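**Student:** Note that the protein sequences, when read in sequence, are chains A and B.
For the first sequence, the working numbering gives the first residue as 1, with consecutive numbering after it.
For the second sequence, the working numbering gives the first residue as 158, with consecutive numbering after it.
I should point out that these hints are in silico values taken from the structure, not numbers from a laboratory.
This one's a predicted model, so the numbers in the text were calculated from it and none came from an experiment.
Be a bit skeptical, because a hint or two may be false.
Some but not every residue of chain B turned toward chain A, in silico, with C-beta under 10 Å [said to hold, decoys possible]:
(1) 167
(2) 216
(3) 220
(4) 222
(5) 267
(6) 270
(7) 272
(8) 273
(9) 368
(10) 369
(11) 382
(12) 385
(13) 531
(14) 707
(15) 711
The following residues of chain B were derived to be distant from chain A, with all beta-carbon distances above 12 Å [claimed, not checked]:
(16) 203
(17) 445
(18) 682
(19) 743
Using N, Cα and C, we set each Cβ at its ideal position, and we do this for glycine too.
The primary structure of each chain is shown beneath.
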Amino acid sequence: MRVLVCGVGYRFLRDHAVGVHITDTLATQASNGIEFEDLGYHPVGFTQNLQDRPPYDRIVFVGAVERGRDPATVTTIKYDHVLPPDEEIQERVGDSVTGSISLDNLVIVAEAFKALPEDVWIVEIEPADETWGDGFSPEIEAKLPEIMETVWSLTKL
Amino acid sequence: MCFKNLPIEFDAAGNATLKPGSANPYSYIETPAPTPIEDDPARMREMFARNGAVRRVDFDPVTRVAGALAFHTVVDLENRQVMETASMATLFRGYEIILKGRDPRDAIFISSRACGVCGGVHATASALACEMAFGISPPPMGVVARNLLLSVEYLYDHPIHLSLLAGPDFSEPAVRETNPEIWERAQNTRTTGRKMHGYEFMSELMTDLTPLTGKLYLEGLYYTRLAREAYVLIGGKYPHPQTVVPGGVSTTIDPSDLNEIMLRVIKYFDYGRKTAAIWDDIAGFFYEVNPKYRDIGTRPKSMIEPGQWDDPYAYDGTFANCDDWGRRRWAPPGVIVDGEMVTTSLQMLNAGVEEFVEHAFYEEWTGDGQSQRFATDPSGNPLSPYHPWNKETIPKPTATSWKEKYSWSTAPRWDRQAMETGAYSRIYAAALTGGADFRDSPYLNSTGHSMQINLPKATLPNDPIEWHVPECWGAFERNRARAYCILYTAAICYDNLLLAYDLLRKGGPDAKMSTPYKIPKDHQIGVGLWGAGRGYLTHHMEIDNGVIENYQILTPSTWMASPKDPFGNPGPYEEAVLATPLLENYEKPEDFKGIDVLRAIRSFDPCMPCTTHLHMDDRTITREIISCACGSDGPHEH
């Protein structure tokens with residue numbers, strides 16, 4: 001069994017660092033078959049790396065995504081592998097190779113190039129504070145144990 | 158005498174001094190911007206009378222560029238002309254503010270985050286600024302390691318632009334949709350470079366430029382991977398290296414590292430030949446179809462290029478000697494005005510730079526030129542109050558107005574003239590340098606009007622490769638020059654790899670990777686002058702008490718996405734699009750796609766700030782780039 005947990009985000013952007021914080025923290029509990037990775041790099045690179053590795057049974061993405069929900073809302077999604085139109089994929093590849101780091105780009109680009117396994121989960125956190133700096137907003141800080149538990153539970157097949 | 162507009166003259170010994178007789182020599186009288194068409198009732202009435210042939214077309218965002226760029230146009234579809242343009246950088250980069258008060262070494266790692274492609278060169282420009290301020294320089298191997306990093310970084314950058322960003326504008330779907338008659342002709346037009354790229358007909362080449370499925374698109378993605386793999390062998394991570402430090406590189410290199418890099422770099426020998434042949438064919442075909450394609454994105458041949466890839470035995474990190482070590486670079490510095498090289502001096506290049514904010518969302522910081530931190534640079538050359546060493550970043554968001562303020566980009570100017578910059582300005586300046594003034598290299602020969610590239614044979618025929626300074630200047634020539642820059646860069650990388658092997662073999666102090674240093678506690682200034690893959694980049698730094706007092710980053714796209722300046726001149730994108738004929742095939746105004754405008758803009762390889770989200774006071778000055786597109790089988794919120 002191989003599970004990859006990917007933290008997505010920007011380290012210097014307060015709540016947008018929550019994904020990589022989760023994988024940094026859980027990485028100490030990595031064991032046989034469960035890997036944690038900082039995916040603060042571009043989705044095409046990740047896709048190419050995935051294509052080189054033995055297949056994973058499950059991939060879990062975790063990161064902050066702004067979708068207008070209440071701050072610190074945690075949304076867990078089983079990915080259905082439905083892709084947007086080609087034109088949008090093309091734009092996202094362009095965003096990706098020029099440095100935009102986002103959970104959506106990562107999932108869409110990796111799927112478009114057929115790098116993802118069937119079993120993919122996404123844990124999204126609605127950010128409350130997007131200013132530059134370290135640490136999290138109080139809302140996210142309060143939710144960290146829950147997010148951690150949610151992600152950890154998804155490492156168990 | 159390289160300055161026509163700045164109040165600088167030169168004495169008999171060639172020293173730059175301020176022209177006498179003015180108490181405020183850098184002051185200027187602002188030329189009012191023209192009234193935008195939308196604010197002019199008479200012109201608006203005329204537009205309505207023309208039944209929709211004149212219309213406002215905004216490209217927001219301009220896609221397939223790095224980061225957030227919006228572009229406003231008013232086009233006359235009847236006469237196939239662009240009447241009005243405005244280039245808008247829609248994000249604020251706050252790095253100058255973030256860096257104040259920090260350890261100067263932090264700038265290397267923080268400024269790297271300014272870009273997701275050029276992170277390595279931002280880090281290096283910071284390291285160079287630190288070296289000048291600290292009074293240190295790397296051992297030769299440290300310089301060579303930097304050269305290797307920043308050659309493979311550009312071998313990442315150029316394929317991205319040509320295959321993934323600009324290439325789709327010339328692909329089958331784009332050409333079929335916007336100029337079906339050209340597609341028809343492409344199917345019957347044989348290529349000239351088939352020996353190199355393998356395509357018999359132009360239509361086959363265009364089909365393979367198709368996004369996501371075209372072989373050239375996918376090949377471009379593959380070559381970005383090779384370059385990244387080579388990069389991390391020294392840099393640790395891409396695009397934000399972990400090993401760039403003041404005084405060199407904080408890692409070791411052994412022959413196996415160099416072998417791993419070599420294995421990847423030699424693949425660009427063929428890829429570079431093939432790419433040059435492809436873009437030769439694209440330019441040649443479109444010019445033949447309609448000579449007016451030469452005018453897409455045209456503007457004066459005025460360019461600024463700080464150079465890069467230092468001579469390991471010439472670079473000493475000092476401002477005093479930067480003219481000498483600058484000219485020894487594999488890509489020498491140069492300022493080209495209307496096609497003529499006016500200076501190759503890094504000191505004059507630096508002295509000529511100013512930034513203006515009349516049409517940008519910033520406050521003027523000089524008090525109308527009355528105050529400045531530095532009247533001269535460390536060598537005594539005059540500096541403008543608007544020079545980056547004197548600049549303060551004071552954001553002031555306001556409503557967008559085409560006549561007043563409309564961009565987060567300042568308006569950088571050299572000698573008060575708009576300049577463009579890119580991979581092409583690098584090969585252009587190197588080609589013009591010519592003869593004995595160009596450093597010795599077994600793989601490059603600058604003739605004064607061309608650049609000859611002589612690399613060892615890989616698998617393709619080893620025909621001579623030569624990029625010629627073009628007669629016309631526009632979008633097609635920018636792309637063509639960038640294509641030749643793949644080979645040019647590979648040659649420099651190869652040259653430095655051989656140097657690295659040699660240094661390793663000899664050992665001793667020259668083979669060390671870095672130099673020890675202490676951060677000075679007194680007041681110092683430094684500047685990192687090192688062009689990014691996409692052109693001009695400088696980091697100006699001032700430190701005091703061991704921390705950063707002021708920091709200014711000036712990037713290629715700040716030069717080129719610039720709004721109008723106080724002298725009434727448009728920025729390069731604005732100027733190039735204004736000169737662009739609309740050659741697209743449309744019958745009704747509603748069918749207009751703007752492909753020629755987009756070809757013009759994308760040929761500059763725009764790189765807008767894409768990693769910063771900041772808030773100022775209570776006004777949000779960020780823009781969401783992403784939108785939800787993930788499928789789900791039912792979200793679970795908690």
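**Student:** For every hint, state whether the structure bears it out.
**Tutor:** We went through each hint and held it up to the structure:
1. Below 10 Å, beta-carbon pairs count as interface contacts, and residue 167 of chain B has none with chain A, the closest being about 42 Å; its hint is therefore violated.
2. The interface hint given for residue 216 of chain B is broken, as the beta carbon of that residue sits about 13 Å from the closest beta carbon of chain A, more than 10 Å.
3. About 5 Å separates the beta-carbon of residue 220 of chain B from the nearest beta-carbon of chain A, less than 10 Å, and the hint is met.
4. With its C-beta approaching chain A no nearer than about 7 Å, residue 222 of chain B sits inside the 10 Å limit, and its interface hint holds.
5. Residue-level restraint check for residue 267 of chain B holds (minimum Cβ-Cβ distance to chain A is 8 Å; threshold 10 Å).
6. Interface restraint check for residue 270 of chain B: the shortest CB-CB distance to chain A comes to about 7 Å, inside 10 Å, so the restraint holds.
7. Taken as an interface hint, residue 272 of chain B checks out: its beta carbon lies about 6 Å from the nearest beta carbon of chain A, inside 10 Å.
8. Because the closest C-beta pair between residue 273 of chain B and chain A is about 1 Å apart, less than 10 Å, the hint holds.
9. Here the hint on residue 368 of chain B is kept, as its CB sits about 4 Å from the closest CB of chain A, short of 10 Å.
10. Given hint, residue 369 of chain B at the interface with chain A, holds; its Cβ is 6 Å from that chain's nearest Cβ, closer than 10 Å.
11. The criterion of a C-beta within 10 Å of any C-beta in chain A is met by residue 382 of chain B, whose closest approach is roughly 5 Å, and the hint holds.
12. About 6 Å separates the beta-carbon of residue 385 of chain B from the nearest beta-carbon of chain A, less than 10 Å, and the hint is met.
13. Hint status for residue 531 of chain B relative to chain A: violated, with the closest Cβ pair at about 28 Å, above 10 Å.
14. Of the supplied interface hints, the one on residue 707 of chain B is violated, with its beta-carbon coming no nearer than about 18 Å to a beta-carbon of chain A, more than 10 Å.
15. With its C-beta approaching chain A no nearer than about 19 Å, residue 711 of chain B sits outside the 10 Å limit, and its interface hint is violated.
16. The claim that residue 203 of chain B lies off the interface holds: its Cβ sits roughly 36 Å from the closest Cβ of chain A, which is beyond the 12 Å cut-off.
17. Against the 12 Å criterion, residue 445 of chain B stays outside the reach of chain A, whose nearest CB is about 28 Å from its own CB.
18. Every C-beta of chain A lies more than 12 Å from that of residue 682 of chain B, the closest at about 25 Å, which supports listing it as non-interface.
19. Non-interface status of residue 743 of chain B relative to chain A is upheld: no Cβ of that chain comes within 12 Å, the nearest being about 20 Å off.
Checked against the numbered hints listed earlier, the structure breaks hints 1, 2, 13, 14 and 15; every other hint is satisfied.
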